[in-house]
Amino acid sequence: MKSTAIQKSYTVKEATLKLAQYCAYRDRSHKEVEEKLREMRMIPAACEQIIIKLLQEDFLNEERFARSFVRGKFRIKKWGKIKIKQELKFREISAPLIKMALGEIEEKEYLNTLYLLAEKKAAVLKDEDPFKKRKKLTNFLLQKGYESSLVYEVGSTIIP
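Under our numbering, the residue at position 108 of the sequence shown is numbered 108, and the numbers go up by one with no gaps.
Think about it this way: if two alpha-carbon atoms lie no more than 16 Å apart in a straight line, the pair counts; the simulated EDC-like pairs of lysine to aspartate or glutamate are:
no. : residue 1 : residue 2
1   : Lys-81    : Glu-109
2   : Lys-78    : Glu-147
3   : Lys-133   : Glu-119
4   : Lys-18    : Glu-35
5   : Lys-78    : Glu-104
Source of the hints: derived by calculation from the structure; they are not laboratory data.
Please model the complete structure; the sequences and the hints are all you need to start from.
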């Protein structure tokens with residue numbers, strides 16, 4: 001069976017208001033806003049007009065998005081810089097903006113988080129063999145997006 005749902009059409013004013021609310025809820029990237037406009041089936045000229053309006057009224061701010069994204073993923077999900085960087089690239093954030101946004105993470109806090117994460121994971125690993133235990137810990141931390149040099153250093157400190 002085919003769905004016969006009718007797609008609502010929006011005026012530029014309605015779409016701008018809807019996207020202003022969408023951006024006000026949390027910071028969004030340009031890519032997310034463009035995808036939302038495509039879902040709303042807006043024509044390219046209208047999309048451009050709406051994006052310009054959102055930028056002018058500061059609803060859409062790529063720098064603010066990148067900074068809050070970095071803070072959130074690091075503090076809440078405990079992601080490393082590599083994983084955060086990849087996710088920002090996927091969201092089409094420019095390299096200079098990514099570099100600046102990663103400056104939101106203080107080095108001391110980054111290393112503390114890495115150690116705490118490693119200690120917590122090592123405590124739940126049940127393997128008797130220290131090599132297997134270290135391998136599992138290393139894989140976990142690399143998957144979280146931490147740099148391999150730091151991961152190996154922490155792994156050998158926590159699991160001798």
